[in-house]
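2 protein chains.
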Amino acid sequence: MLISEFARQAGISTDTVRFYVRKGLLKPEQSVKGGANPYQIFSEDHLDTARIIKLAQSLGFTLREIADLGEEYASAGMSLDRRLEIMRSQCDRFDAKAKQINAVRQYMRCKIAWMENGEKGPEPRFGNTACG
Amino acid sequence: MLISEFARQAGISTDTVRFYVRKGLLKPEQSVKGGANPYQIFSEDHLDTARIIKLAQSLGFTLREIADLGEEYASAGMSLDRRLEIMRSQCDRFDAKAKQINAVRQYMRCKIAWMENGEKGPEPRFGNTACG
DNA sequence: GTTGACCTTGGACCTTGGTCTAGGGTTATA
DNA sequence: TATAACCCTAGACCAAGGTCCAAGGTCAAC
Chain A
1 MLISEFARQA
11 GISTDTVRFY
21 VRKGLLKPEQ
31 SVKGGANPYQ
41 IFSEDHLDTA
51 RIIKLAQSLG
61 FTLREIADLG
71 EEYASAGMSL
81 DRRLEIMRSQ
91 CDRFDAKAKQ
101 INAVRQYMRC
111 KIAWMENGEK
121 GPEPRFGNTA
131 CG
Chain B
1 MLISEFARQA
11 GISTDTVRFY
21 VRKGLLKPEQ
31 SVKGGANPYQ
41 IFSEDHLDTA
51 RIIKLAQSLG
61 FTLREIADLG
71 EEYASAGMSL
81 DRRLEIMRSQ
91 CDRFDAKAKQ
101 INAVRQYMRC
111 KIAWMENGEK
121 GPEPRFGNTA
131 CG
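In the order they appear, the protein sequences are chains A and B. Just so we're aligned: 67 in my numbering is position 67 of the first sequence, and the numbers increase by one with no gaps anywhere. Just so we're aligned: 36 in my numbering is position 36 of the second sequence, and the numbers increase by one with no gaps anywhere.
Derived by calculation from the structure, the hints in this document are not laboratory data. Everything numeric in this text was worked out from a predicted model, so none of it was measured. A couple of the hints might just be wrong.
Since the list gives no way to pick out one identical chain from another, each pair is judged satisfied if it fits inside one copy or across any two copies.
[To be verified] Derived EDC-like pairs (lysine to aspartate or glutamate); straight-line CA-CA distance at most 20 Å:
1) K99 - D48
2) K54 - D15
3) K120 - D45
4) K27 - D48
5) K54 - E65
6) K54 - D95
Could you put the whole structure together from the sequences, leaning on the hints where they help?
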């Protein structure tokens, strides 16, 4: 599909799509159409990538990190083992993120319980992970 | 404590602390010292706030969102019920974030399994949450 | 062959989240 | 009472992540 259709389906602007292409986050095919400035062709795979970019971004990864992470997509010539290694280390980063967020959630649940209980005793602090 | 000590303990620069104060994320007390430009006094509570700001930020919340979320800290005059309500809605936002990240983790684990299995069958897509 | 809807590049501009510098006041210690 | 080591404000500057034209090429349909 062409850029505007892709942008529509991905829920981002064509400007942003071009920005991502410049940054190496998306690597569209080149169409034979368009003469000296060939049109860019996007696929379902690219839509998948766009979804992950949006999510990773909303989780606080920078575009630079996402692009590095997206090496996966530039991995056509890599061995399966190498690609697996990359995927596993990416996975680790998301796991670390999950740990962070769960720490915050635990703290908040803990604080809510303290409030529900009439704010008796010391206010839970984020420092103490063990607040139950 | 004064700003430089606070900044040191919080692991951020004094410039950033002042920036956060301007943005309403931190609300230090005013010292009697300092004449026309009174010194700012920070407490353990503020350190706790700083820790949460850093974490929330690393999870992709904007400072604006964190400040709104931090209404809690400006809640001295609010009823317990109102504060509980705010805390619960904050908690919901973190829960939503946790769901997002778990979706990504599931996708990645799924993809790794597919690769470990020799990339047989269709490549898992992020769209399909059910990929086991 | 012209009209409208696309596409391209290039560069200016905006917001967010800081960082840095200048200029000046305050405090503690000697 | 002078000096170092703080504190304050105000404003310029920076990088990231976009956003918004302008100028021009292409395509499909009439």
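Results for each hint:
Proximity of K99 to D48 under the C-alpha cut-off of 20 Å is restricted to the inter-copy arrangement: shortest distance 18 Å between copies versus 25 Å within a copy. Proximity of K54 to D15 under the C-alpha cut-off of 20 Å is restricted to the intra-copy arrangement: shortest distance 15 Å within a copy versus 31 Å between copies. For a Cα distance limit of 20 Å, the shortest separation of K120 from D45 across copies, 17 Å, qualifies, whereas the shortest one inside one copy, 54 Å, does not. In this assembly of identical chains, K27 and D48 lie within 20 Å of each other by CA distance solely inside one copy; the values are 12 Å within and 43 Å between copies.
In the homo-oligomer, the alpha carbons of K54 and E65 lie at most 20 Å apart both inside one protomer (13 Å) and across protomers (18 Å), since each shortest distance falls under that limit. For the identical chains of this complex, K54 and D95 are neighbours both inside a copy (18 Å) and across copies (18 Å), given an alpha-carbon limit of 20 Å.
Of the numbered hints stated above, none is contradicted by the structure.
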